[in-house]
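Chemist: Residue strings, one per chain:
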Amino acid sequence: MNPALAFALVCLAGGVGAALRFVVDGAVRSRWSLAFPLGTVLINVSGSFVLGALTGAALHGALSHALLLVLGGGLMGGYTTFSTASLETYRLAAECRIGPALANGAGTLVVAAFAAALGLALGAAL
Amino acid sequence: MSTEPPTDTAPSSSADAARPTAPERGRTAHDDRATAHVDHAAALPLDADIDVADAPRGLRPVHLRPRAVGLVALGGAAGTGVREALALTWPTAAGGFPVTIFAINIVGAFVLGVLLEFLGRRGSDEGRRRAARLLLGTGVLGGFTTYSTFMTDTANLAVTDHALGVALAYAAASLLVGVAASALGVALGSRIHETARRRATLEPAPGETTRSTGASR
Chain X
1 MNPALAFALV
11 CLAGGVGAAL
21 RFVVDGAVRS
31 RWSLAFPLGT
41 VLINVSGSFV
51 LGALTGAALH
61 GALSHALLLV
71 LGGGLMGGYT
81 TFSTASLETY
91 RLAAECRIGP
101 ALANGAGTLV
111 VAAFAAALGL
121 ALGAAL
Chain A
1 MSTEPPTDTA
11 PSSSADAARP
21 TAPERGRTAH
31 DDRATAHVDH
41 AAALPLDADI
51 DVADAPRGLR
61 PVHLRPRAVG
71 LVALGGAAGT
81 GVREALALTW
91 PTAAGGFPVT
101 IFAINIVGAF
111 VLGVLLEFLG
121 RRGSDEGRRR
131 AARLLLGTGV
141 LGGFTTYSTF
151 MTDTANLAVT
161 DHALGVALAY
171 AAASLLVGVA
181 ASALGVALGS
191 RIHETARRRA
201 TLEPAPGETT
211 RSTGASR
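As they're listed, the protein sequences go chains X and A. When we follow full-length UniProt numbering, the leftmost residue of the first sequence carries the number 1, and every step to the right adds one. When we follow full-length UniProt numbering, the leftmost residue of the second sequence carries the number 1, and every step to the right adds one.
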């Protein structure tokens, strides 16, 4: 694929991913009344799983490098977010809600890492 | 309880109630309204408002408003582009610490803290402040930073490259430095707001007697 076109597609996919995150987070917020950022957690865990699967498939030749760039770095990169996750963890900690802060920070990290590893294994098995 | 009139529970009527009331005009009418909406917003003063513009549509949640979703998408495309350009320019060797994505995520967490704290102290989440939050915060910084690449790199380091130590160091450093960066960002955002507010009101900072706030920063 033409590198300029590939890069444009990565940006476009990133925009779609960010919009998807916004809509999913809003939908979760409208159904979730507790002061815990469940939307971001679900987004980051699901996105880590999908990127793991895409990467696993690419490592075993089932997905081209260009497509991994667009769907992985673009779509899933735009969909998931580190900045919001960090800020939400800080806010919970600043309110002295240590349990939720640990669950949001360390808990998400452990679950998402396993989701990504599971995705890698599944993607490689395809 | 069961004697209530069934009018409000009919699915068709409740669905129609959520829609704009211009059924005769169809698609071109919608396009006209979109254009008029942009001109209208441009003509309004500072707090020309997403809410004002969307008022005829009723109280649709922000995440379902086309303009809000569009702002996030636009910012997300830009943020993703910058991240990918940086990641492609400075790739990480297999088994190595993913320095580029780490730096991107930390910088993003810091800047988001500055932005959201500053906007939050300026006033309620509406108008230009909300547009800035959606475009720059949810869009640009959300697209710039990435959790999925962070996690997939971590899993790859541990599983594929057998570099468990690097994986653990990467995960722990990202978590801790990320939260610290957010905290610093919030502190700076608050300080920027206070400085701007004092300048606007020509009020001296607490403890400052002889120096002017303008010269001190």
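None of these hints come from the bench; they were simulated from the model. Computed from a predicted model, the values in this text were never measured in an experiment. Glycine is no exception: its CB is placed at the ideal position from the N, C-alpha and C atoms. Be careful, since some hints might not be right.
Okay, the calculated bits of chain A under chain X, using three or more residues with CB under 8 Å as the criterion [said to hold, decoys possible]:
1) 60 to 68
2) 90 to 96
3) 107 to 117
4) 122 to 128
5) 152 to 165
6) 194 to 200
Chemist: It remains to establish, for every hint, whether it holds in the given structure.
Modeler: Going down the list of hints, with the structure as the test:
no.: 1; hint: 60 to 68; in the structure: holds (count 5)
no.: 2; hint: 90 to 96; in the structure: violated (count 0)
no.: 3; hint: 107 to 117; in the structure: holds (count 6)
no.: 4; hint: 122 to 128; in the structure: violated (count 0)
no.: 5; hint: 152 to 165; in the structure: holds (count 7)
no.: 6; hint: 194 to 200; in the structure: violated (count 0)
Violated hints for the displayed structure, listed by number in ascending order: 2, 4, 6.
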